Amino acid sequence: YTLKLPSLYGKLHLIFHISLLKEYVTQTNKELNSFLLNKLPELSKEDDL
Numbered sequence: 006y007t008l009k010l011p012s013l014y015g016k017l018h019l020i021f022h023i024s025l026l027k028e029y030v031t032q033t034n035k036e037l038n039s040f041l042l043n044k045l046p047e048l049s050k051e052d053d054l
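Numbering-wise, the sequence shown is residues 6 to 54 according to this note's numbering.
FYI, nobody ran anything at the bench for these hints, they're computed from the structure.
Here the structure is a predicted model, which means the values were calculated and not measured.
Honestly, I wouldn't trust all of these hints.
[Said to hold, decoys possible] The calculated label-pair distances, taken between Cβ atoms and stated as ranges, are:
no., residue 1, residue 2, range
1, Leu8, Thr31, 27 to 35 angstroms
2, Ser49, Ile23, 26 to 34 angstroms
3, Leu10, Val30, 15 to 23 angstroms
4, Glu28, Ser49, 25 to 33 angstroms
The beta-carbon is built from N, C-alpha and C at its ideal position, and this holds for glycine as well.
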């Protein structure tokens, strides 16, 4: 499967085996707000992708 990821993760390989994927579960507003308040990890050129 090919995933649509934010451009921030543009250097990541976008194709994953189905066994690595999980079914999408709708989050409550509280869970979503908690997620949005956390920063996404930053990638550097040294990261081994």
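Exercise for the section: Quick one: which hint numbers does this structure break? Sort them smallest to largest. Expected result: 1
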